[in-house]
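Produce the entire structure from the sequences given, and follow the hints as far as they go.
Here the protein sequences come in this chain order: A and B. Mapping to the numbering used here: the first sequence position 373 is 373, numbers consecutive. Basically the numbering used here = 1-based index in the second sequence + 1000.
Take the hints with a grain of salt, since some may be wrong.
Claimed, not checked - Cβ pair distances, simulated, as ranges: (1) A:166 / B:1583: 52 to 58 Å; (2) B:1019 / A:550: 55 to 61 Å; (3) B:1003 / A:301: 57 to 63 Å; (4) A:126 / B:1065: 28 to 34 Å; (5) A:329 / B:1044: 38 to 44 Å; (6) A:550 / B:1178: 37 to 43 Å.
If you are wondering where the hints come from, they were derived from the structure by calculation, not from laboratory data. For glycine and all other residues, C-beta sits at the position ideal for the given N, C-alpha and C.
Number of protein chains: 2
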Amino acid sequence: MKDLKLKKLLNSLEKQQGTQIYNYTVPDLWNCFDYDPNKMIRLASNELMVDPYDFYSSVIKDYILPNKKEDMDYNNSLSSNRKMPKRNYKGGDWVKESVCYSTMIRVSSAWDFDRSGKLEQSNIYKMTETGSFVKMLALLPLLKKMGVDVVYMLPISKFSLKDKKGDLGSPYGVSNFNEIDPNLKDQLVGDDLTLDEEFEAFVEACHILDMRVMIDIIPRTNSVENDLIKDHPDWFYWIKASEYDNYKVPFVEGIKPTTAPTIELMKKVYQDEDTYRHINMFQYDPKTADPKKWEKVRNSKNLSAAIEKEYNLRVAPAFSDQINDPQPPWTDVTFFKMYQDFPKETVDFLDTKDRAPYILFDTIKSNMYHGKKPNIGLWEKLADIVPSYQRRFGIDGARIDMGHALPKELLEMIMKKARENDEDFSFIAEELQPSNALKAKEAGYNMIIGNGFIMEPRIWEGNLQEYMYQSIDLPIPTFACGETHDTPRLAARDGGEDLSRALTILNMFMPNGVPFINSGQEVYERQPMNTGLDARENELYMLDESDPYYTKLALFDLYQFHYTNPRRWELPDILDKVKVIRKKYIKQITNKDAFIPLFAHHHPQTFVGFGFFKKTKTAKGNNLIVVANTDTYNQHYLQVDIRHLRDESKNQEMQGKLLFSTHEGPREFHQFIDYNTLDIHLGPGEVKIIEL
Amino acid sequence: MKDLKLKKLLNSLEKQQGTQIYNYTVPDLWNCFDYDPNKMIRLASNELMVDPYDFYSSVIKDYILPNKKEDMDYNNSLSSNRKMPKRNYKGGDWVKESVCYSTMIRVSSAWDFDRSGKLEQSNIYKMTETGSFVKMLALLPLLKKMGVDVVYMLPISKFSLKDKKGDLGSPYGVSNFNEIDPNLKDQLVGDDLTLDEEFEAFVEACHILDMRVMIDIIPRTNSVENDLIKDHPDWFYWIKASEYDNYKVPFVEGIKPTTAPTIELMKKVYQDEDTYRHINMFQYDPKTADPKKWEKVRNSKNLSAAIEKEYNLRVAPAFSDQINDPQPPWTDVTFFKMYQDFPKETVDFLDTKDRAPYILFDTIKSNMYHGKKPNIGLWEKLADIVPSYQRRFGIDGARIDMGHALPKELLEMIMKKARENDEDFSFIAEELQPSNALKAKEAGYNMIIGNGFIMEPRIWEGNLQEYMYQSIDLPIPTFACGETHDTPRLAARDGGEDLSRALTILNMFMPNGVPFINSGQEVYERQPMNTGLDARENELYMLDESDPYYTKLALFDLYQFHYTNPRRWELPDILDKVKVIRKKYIKQITNKDAFIPLFAHHHPQTFVGFGFFKKTKTAKGNNLIVVANTDTYNQHYLQVDIRHLRDESKNQEMQGKLLFSTHEGPREFHQFIDYNTLDIHLGPGEVKIIEL
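This is the structure:
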């Protein structure tokens, strides 16, 4: 076992303690590790004044390292240190019992540490105020407090800054899969550690704390400025640079907006004039066009500019694979050329095969349309992304962005290679449709993302109930969540912070759901990170005009979460209690057969009731009942039917324990209408958890 | 001329620039000197992040020193550099044309520079956060902006910390006249300058900016722990230490509470049993009691403790000189023994002359009761306080605390000695009663404090009008002010900030008044500095409970003014405009014969109107009209009679200029009911200044 990078990091931090006086503040929420009260000053702003070197040293030394066990290889996946269960278990299924925290490192640990009023990439101390793996260590105790055991990261790879969106650009415009975004380097440790080492240290810390690390990989789209162009210009689509401004998505007469590209429709597409206007723009790649010249041009410092100058060529922007989707081209990203030839399903519709490769609804939808000659060099490259992160950092799982748009064979390659390294490696499908869960399962995924963020907040339409009760039947789990980095925030929905609280708790018990906390959700962040999905007209304006982050989006801009919210401790404190209950019943929560949906007489749409039971000899203390009123405006008196739970569990207790409530403390519970009926009062937005 | 200490200070500050990075904030109001915008960061908290060394260097280098003239001796009073006017001028009368700013250095330049949430005597940088002469330099540009030309300081002498009031103790319990309060030393300059040099630099800076410096001296009372005890124990009154706890003011049967000690009443006093209970407590001083022992004891490190141990003696606390005043003894201060013998006026009432000197209503009221043998050593000491500050710092004037309770001859000595050094030295009497102004004038004072703080805020009782219109007849001027360090704040009176604004402007034009701004008043501070005079029952509670300075009093506690008040720039900006108008008419404002009180038909009690005129050949632009509605709730339409002004000034203009209004911008003025009547609309709390 090699030396821990975490120790190297600790040495570097300790080395710099006391070299000068720092007036540096962190949100008090970042101190869930009992930092020495004599070393900090509490501020009325809900911040702590600390010496940064001492503070970050302390979390490593006093909180993380004491959990280190001998004979564990923290640089490999947690699973590789353990035995896989034998029955009914597919590699990576551990994710089904986990609690995921979705973080964008750049944002989650960002803070205006010098209180200059602005989040700076270099503050008065020349310190990075955007997030980093180093600073993220201080948030791990908070995550542990909330019961999180999977740290799921939005892309951390280097991305293109060309025509970047917002202040900083989107991490989804990857320009180099294997290089980590250099902006994640923390100046706190200067040159003592490389960025890769900082990430290594972070993964080690997660593993020591029994948390797994998952990354987000994006094999389908990538930045128009990409380090791969130099060696593989033929993996990209090209158009004339001089015609770039005319580039637009072809509009096909007689087809409705946003229509899936079936073969019949593609026939029509290839008969349309605008399709030819569009595909006529495409050119052969610069190497193919003039191999000799390429040998010189490819070594240019600014490669894009050189290609444009010497060849009049530019990489063609991507666009939606749905016909007549009104979205304009996505100018920052492009598609890889998955096949060397045209799709066999549509090639006959084409006027002539003597054409440069082009982007169209068929060529980019590689799960439906396939060439005969896979671009095998590219495929190998893409299939090596995960193994590369496994080898270097020992990650535990990955989400595959737009995996459903990849050729089936490529997807299989990606999964196979990852599981050759670690048979217990977990994959999450970027699949929003629950109806596609079986397909995803068959493709090798352990779970899907699902559409909780659409369903859960719609409590008045009955969508919450539908999602909560019906997900049980999916072949693989879905995320139990009401928001993601692409969607509106729960706290900004009708019902606000109280709705967010109720749903966050409920998600911890959703049968066949994997609880998912979207960074910022725990402090009732209102501003979405992106307005990508389900955004309302005013979605950009969720903050006060006076807020420094008004209209800013975390995905693109310099952004920090509102960690000093007066209610910031509420959800962490609640989850700290709830995680214990979840742990006790985790086998039941993840077992379809131990679950009974609970209903109330005059069942309101905003009510959700879960029953779980263990089969025990004594039939006591073996029933868990979770009931929630997601109506944050009105209280409800409900008669909850537990007949089936009684039947299944044999539990006959007429007295139980109220283990938890959002509205009162723990107490004895003996509100029964009769043997089979609970007499439940739920205040507005209340969740009660009862054990019989 | 010696080298400026200000330059020495600048060198020290510049030396430390860039030695480390400081996260240091000052209120933005402290930057009235155009500090380089590239060197500061503006915060939403209305503070500026600056390097303290650069910031304070800049005010010296870029604002103060450029005003320095050759051949001026800035270490001597401003007057000593100028010729005194010849006619109708008594030395020190320059104060009549001045604008005074009353500052308690410890508080006025105090700030939580490191934003730790607490005002600290040593912050994270080991810097002093309480005020100092060095930091006060940064406020001089603000004072200049407001037209201030006299910096009047509450006591700056070393005071006793024994049984101190509040966090820091009161500067009125002086323990050494000639030593400056060591807490005013600023750690910004370390040992590069002595505290005396810092004060020297401050006086130089004021003089360079054409501002005079006045101090507050307290010859009557002083701390019970006093450096003079060592050499002059016989200048003090002593009681048995073992009886200290029984010390109380004698209560005399048959005399009403708080009655002046006339001779007839003193006869009665000396017949009362309780008087003898009281004076029996007094003992001879330790030196007189045992001169030999004294030679040893006087060198003890803790002198009070040694005297108590060796002699069973303690200095007797002071109390009110009014018979049956219900106030308990003032345990922190005592009186000097002004005479070596008993008062000749009352000595015959006494049972026996074989008594130790004692404190009683007669012995402490030295303006009424006199011994035959003045304590001449003490008198010389007291009369040298001012000359000592003149010699060392070149101060320009002084207020004498309780001067009316000193022997007439001593007061004469004090004034004579000061004016031997500087014939233009100015004295302010601590005389609140306007009816005593003539006495004060005859005693040699240039002005009295007066009772503006009682009269002005009582707008509905007509007291404001009385004060504003009738002070013209006083033989010497009184302060034109609505608050002092001992009284409630104007902004905390009924009418609030708008009342404070109207009165602050009006005071700039009060005939025979000397405008007086109480530090903090310019930012509408609500919390009094002390609850000494005219305090209401809830006076201590003028701040929000959440305010860190809730219930704190600047005179005793760690306190900073609310310099970041959203309306902080309002009064400074107004005074910046108004000072120009005042300057143009200063000879008229200070000349009884150039003033016409203005009245309105249906003259409301809240209306004040001043007319001033110059006798000019053209009779144009020679009338100044100041009208104010101090009713902050209602607007008033008023017909203001200017007949007398017309008559005196010969001005016949029917068009003038609105030079200033609190409610609108400057404009032409032509609202006349008729030739002799102005048609004036005044909004709630509005002041209008018109020139015809």
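Outcome of the hint check:
Restraint check, residue 166 (chain A) to residue 1583 (chain B): a C-beta distance of roughly 53 Å satisfies the suggested window 52 to 58 Å. Between residue 1019 (chain B) and residue 550 (chain A) the CB atoms are about 38 Å apart, so this pair departs from the stated range of 55 to 61 Å. Between residue 1003 (chain B) and residue 301 (chain A) the beta carbon distance is about 59 Å. The supplied range of 57 to 63 Å therefore holds. Residue 126 (chain A) and residue 1065 (chain B) have their C-beta atoms about 33 Å apart, which keeps the hinted 28 to 34 Å range intact.
In this structure, residue 329 (chain A) and residue 1044 (chain B) meet the distance hint of 38 to 44 Å, their C-beta atoms being roughly 39 Å apart. At about 58 Å, the CB distance of residue 550 (chain A) to residue 1178 (chain B) disagrees with the hint of 37 to 43 Å.
Comparing the model with each numbered hint stated earlier shows that hints 2 and 6 do not hold.
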